[in-house]
Amino acid sequence: MNVGDERVAVDLPDADPAAVVDAVEGEDEVPWSGGRIDLPEPGPLHDRLNPVEPGLSVSVRSALAAAARSRGLEAPQDDEIRRVEAELSGVDPEPVDAERARRRAAEAGDREAELSERVAELRGRVRAREAAGLDAGDARERLSAAAGDLAETRTERLAAEQLLDRTRERARCQRDLRERRLRLEDRLGNLEREARAHLAAVLWDEFRDAVAAVPGDGRAGANPGSFEGDPVTAALAVFRVGDPEVPAVLACGRFSDAETAAEVLDAPVIRVEG
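So the sequence shown is numbered by the numbering used here: it starts at 1 and just counts up by one.
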């Protein structure tokens, strides 16, 4: 049975709601003896509302926006949302370990300072021996070796400082990228909230009628998003105004059978408990 060909109305009174949700998501077979149910990919309504059961938490504004999306409706913010998402996908800052480069430069500087003192000390010994008319050959050899080590260490220190400069510059660039990404994420969040508010407003009158049509306690106010009542009632009303890609999985005890539920919700239904 295909959802697109005829309305799915299946009673599975002994089934586990979570197992049925897994089946709807394609992770398992729907445990039904009436034949295979071929389902498309779940959409935003399924992600937000299934299974409909006591304890369900519903953000009416977000759920209505998902219902509007399921009907192919768009918001004025959509083009800008897509633009920001595309820009955001190209902003991917990487971590930079500037501390490691700083330690390397500091250690090279310390070694250079120690060797500079050693060279100065050996140079003083050479001069002292020469002034005293003593053989300074061994002292000169030690001085030459220390001077060579100093020159090598100075080269290492300069290279380490240059690396540190580059690393710090890279860290600044990555920090700028992170700040840019945060600004874009903030912008995207604001746009998405504005889009949800717009879409909820578009369906609000239909939702108010749907709240009155489905079983349960609830009252939708005049302002979009204002709802008082049982979250299950809100979820059923959202399914009624939406165009769900996959069946509503009902574990709420509001309907006597799946056919009645499907008729009231005008949507495919799998009823898993009475």
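Simulated from the structure, these hints should not be mistaken for laboratory data. Treat the hints with caution; some may be incorrect.
What the hints assert, rightly or not - Computed Cβ-Cβ distance ranges for the label pairs, DEER-style: (1) E74 to G221: 35 to 41 Å; (2) R172 to R142: 40 to 46 Å; (3) R129 to D176: 54 to 60 Å.
Since this is a predicted model, take the numbers as computed values, not measurements. Cβ coordinates follow ideal geometry from the N, Cα and C atoms, glycine included.
Hint-by-hint comparison with the structure:
A hinted range of 35 to 41 Å is violated for the C-beta pair E74 and G221, which are about 25 Å apart. Evaluation of the 40 to 46 Å hint for R172 and R142 yields a pass: the beta carbon distance comes to about 44 Å. Distance hint check for R129 and D176: the Cβ-Cβ separation is about 59 Å, which falls inside the suggested range of 54 to 60 Å.
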